[in-house]
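Chains as they are written, first to last, in my numbering: chain G, 9 to 467; chain L, 9 to 467.
Since no wrong hints were added, every one of them can be taken at face value.
Since the list gives no way to pick one copy over another, a pair counts as held whenever it fits inside one copy or between any two copies.
Simulated pairs of lysine-lysine, BS3-like, Cα-Cα distance not exceeding 25 Å:
(1) Lys283 - Lys382
(2) Lys136 - Lys19
(3) Lys283 - Lys395
(4) Lys217 - Lys241
(5) Lys220 - Lys241
(6) Lys188 - Lys217
(7) Lys450 - Lys395
(8) Lys366 - Lys424
(9) Lys283 - Lys188
(10) Lys220 - Lys188
Calculated from the structure, these hints are not laboratory results.
Protein chains: 2
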Amino acid sequence: MAAIIEPRVLKGFRDFLPPAEMIRRIITESIEASLRSFGFVPIDTPALEYAEILFGKSLQNPPSPGVVPPGGSGTPGGSETEKQIYRFTDSGGRDVALRFDLTVPFARYAALHQQELHFPFKRYHIGKVWRGENTQRGRYREFTQCDFDIIGSDSPAADFEILLMIRSTLQSLGLDVTIKVNHRGLFNRFLSHIGLEGRSVEILRTVDKLAKTGIDVTRESLIAIAGEANTQKLLEFISAGRGSAADNSFENTLERITALSGGPSPESERLAMLKRFMNDSGAGSGDFSLDPSITRGLDYYTGVVFETFLTELPDIGSICSGGRYDNLAGLYSKNCICGVGSSIGLDRMIAALESLDKLPAVSGFSVAAIACIKQEDSGLYQALAAKFRQAGIPCEVLLEPASGQLVKQFVLAEKKGLRWIIIPGENPLNGPLTIRNLAGRKNIEGLSVDDIIAMISDF
Amino acid sequence: MAAIIEPRVLKGFRDFLPPAEMIRRIITESIEASLRSFGFVPIDTPALEYAEILFGKSLQNPPSPGVVPPGGSGTPGGSETEKQIYRFTDSGGRDVALRFDLTVPFARYAALHQQELHFPFKRYHIGKVWRGENTQRGRYREFTQCDFDIIGSDSPAADFEILLMIRSTLQSLGLDVTIKVNHRGLFNRFLSHIGLEGRSVEILRTVDKLAKTGIDVTRESLIAIAGEANTQKLLEFISAGRGSAADNSFENTLERITALSGGPSPESERLAMLKRFMNDSGAGSGDFSLDPSITRGLDYYTGVVFETFLTELPDIGSICSGGRYDNLAGLYSKNCICGVGSSIGLDRMIAALESLDKLPAVSGFSVAAIACIKQEDSGLYQALAAKFRQAGIPCEVLLEPASGQLVKQFVLAEKKGLRWIIIPGENPLNGPLTIRNLAGRKNIEGLSVDDIIAMISDF
Chain G
9 MAAIIEPRVL KGFRDFLPPA EMIRRIITES IEASLRSFGF VPIDTPALEY AEILFGKSLQ
69 NPPSPGVVPP GGSGTPGGSE TEKQIYRFTD SGGRDVALRF DLTVPFARYA ALHQQELHFP
129 FKRYHIGKVW RGENTQRGRY REFTQCDFDI IGSDSPAADF EILLMIRSTL QSLGLDVTIK
189 VNHRGLFNRF LSHIGLEGRS VEILRTVDKL AKTGIDVTRE SLIAIAGEAN TQKLLEFISA
249 GRGSAADNSF ENTLERITAL SGGPSPESER LAMLKRFMND SGAGSGDFSL DPSITRGLDY
309 YTGVVFETFL TELPDIGSIC SGGRYDNLAG LYSKNCICGV GSSIGLDRMI AALESLDKLP
369 AVSGFSVAAI ACIKQEDSGL YQALAAKFRQ AGIPCEVLLE PASGQLVKQF VLAEKKGLRW
429 IIIPGENPLN GPLTIRNLAG RKNIEGLSVD DIIAMISDF
Chain L
9 MAAIIEPRVL KGFRDFLPPA EMIRRIITES IEASLRSFGF VPIDTPALEY AEILFGKSLQ
69 NPPSPGVVPP GGSGTPGGSE TEKQIYRFTD SGGRDVALRF DLTVPFARYA ALHQQELHFP
129 FKRYHIGKVW RGENTQRGRY REFTQCDFDI IGSDSPAADF EILLMIRSTL QSLGLDVTIK
189 VNHRGLFNRF LSHIGLEGRS VEILRTVDKL AKTGIDVTRE SLIAIAGEAN TQKLLEFISA
249 GRGSAADNSF ENTLERITAL SGGPSPESER LAMLKRFMND SGAGSGDFSL DPSITRGLDY
309 YTGVVFETFL TELPDIGSIC SGGRYDNLAG LYSKNCICGV GSSIGLDRMI AALESLDKLP
369 AVSGFSVAAI ACIKQEDSGL YQALAAKFRQ AGIPCEVLLE PASGQLVKQF VLAEKKGLRW
429 IIIPGENPLN GPLTIRNLAG RKNIEGLSVD DIIAMISDF
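Looking at chain G on its own, in the form it has when it is part of the complex (with noise of 0.2 Å):
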């Protein structure tokens, strides 16, 4: 006999069991409902991409003659992001890699198939994306993402929509969510107004971090930059959103921002404009706040960016990021593509469901059994069970013969987190059949396959 194979799966990758599994999907059901339910349509794209498509730009140096591996020395001078990527050659000598987020892809896709996309396009995508993340910070290194954008429109209504969908998609989670908004155009218009236009990159960088860092840090890391006297500025305006709760409303804030950057602008006018939607549609006062220290430290948003934060978890970070971009595809066409979009983290928010006791109540996808009484009986029991599902009632069979221990299968049903099994007597099809209460431990006998649906039914 041949050894045994270690049965094991790779660091930082996952098997799901049903429990887990059966979440997920009913977690991801509930969001693709919602989204679909705003008119997003679906697309899906390949896992493997050639390496110059994710890396967005031309290699100079494949791998060769193999792997370059994520992290290994192929790619001096390479980012965090490349050394981070599955990235190795083909049997056809190709320079591939696995898809490590879902923007990269959907910016090369837009690119390829503008032409027989409708604009405004809404799409979502739901997949897994790979990266050799350290997984010592409890990152996965193969991770779910689903990512929903409005490409070809720069309309207000388009960024609104977005918010909206954020709100109501994790609403329908029982998640209360405030959603803090701020835009990168008055924050750029901020700097120039102050004269720091030239160091706009690090500076977002450093106020994006400053949730991690604290306050502290970011005085200090901005004055390095910008200087005393700047930094004063800088941090009066990503603190003009932080007063007291009456003094930081939206139009409060906004009123601060806007004269601290040089008074009215399209990028103010902006903000007031998603201020006057949230009102007429009737979001509550809580469920937008303008905050001007989220800056995305994102190169590519260049409009209004935001992130969603959890009223009962806050600490747990933004479960739901994104923004404006004015030219998704650049590297791939020469048409500006402009929109706005987000991403959801699935393992991120789970992980906060749990924390919350919010996890969807699930244990099997079917609610009731067919005991097996008599193995050879086993077609008329699938019978029977088809009654049950023709009436909306998922309904299995249980295989093994009772052998008189119909008790087994009552621990079995439970196990499987069942709550009812039929027991059929000695006419399956037509006799009386009995019903047991798994939880209550009650049997109810002489009914009919109509008393049992109604009686299901009715639970």
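Place chain L on chain G using the hints.
Here is chain L on its own, set in the frame of chain G:
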């Protein structure tokens, strides 16, 4: 400006545009609903695994220093399958590969988690797999499989449940099928009976190719393996289900192959039991047939085997095949885990549905849209759309103002596959509304939200 990177996908890989992806989703959801109604639960496993797990053996020569490309020179003597696997070395020096099916990961999963599963365990798994196939044969290098198995039960009721579930799942997609059943063990018993037990593997593989190569080639091959006299007996056995319609009933065929294999046996009794189940469950006489030429070439099947053919499109070949195995996870565990399972090839099934003009009618998930008359009213439009969504009507909001040219919004809505467009008036939320049936090109004015909900729901 940097040079444009050509947007392209790898050979054998695919982007899915919304119409195609919506169809894939709807079909997948239908399959899942059917599997769940039988009590099957989902699992998931990583896309990437240790290569030795996927190859099913300890590898003497891990790729060094980098990749062993599928089909490359790194695996002398590698099998066809091995040559097709996407295999490389990750940053931690691990010899890894992308999964090429869902069966091998499931075997590894069952071995690893056997203490956490409740047996008999009924699971399904829908996921992407990757093979460096020759794309000239019309095959893809990334495709979706849908596997479902019952493990930990040797019961004929489990065999039957898989068969019944295939029929039920495909019927719910509007497909009429015949499932051709055989028993590998009975075939082997017959081979022993005529003194050919040592040639079992070659003979089964030759017979498995019968449908592709034709009877003449099969006869020649069998003569080379087994000689003239035995070939006569082999052809009699595998043709036992191929008489006239009256003659080739399940019972008649079973009687013939039982006699040819030396009389009643546990294997012939299991087939008889399956036939009893079929009759008892109310299956039509054409739903299942016994075809002794079905062998499934794969070595790991030991019991019942089956293939599924479309009544209206038999030439496309089997769209769902499988069988019983007595040792799923022997490579990874000392415990024998028996089971029965099957796999649906989603791509082939969608191609079949398309050929038969039976693809689900889908244009978008939304049926209605709110026209954008004045951009500044977009918050009110969202509040209006929310009323329809709350009534269960997916409703989107158009984002770009009409600027007097409402017809442009009609055209966009039609392209999106919407049926209705709702045109708000001066008071979008509480004033009268106009609805336009896009196909009929007719407007009806002066309606309330409730009027429109009733109209759309009745349609």
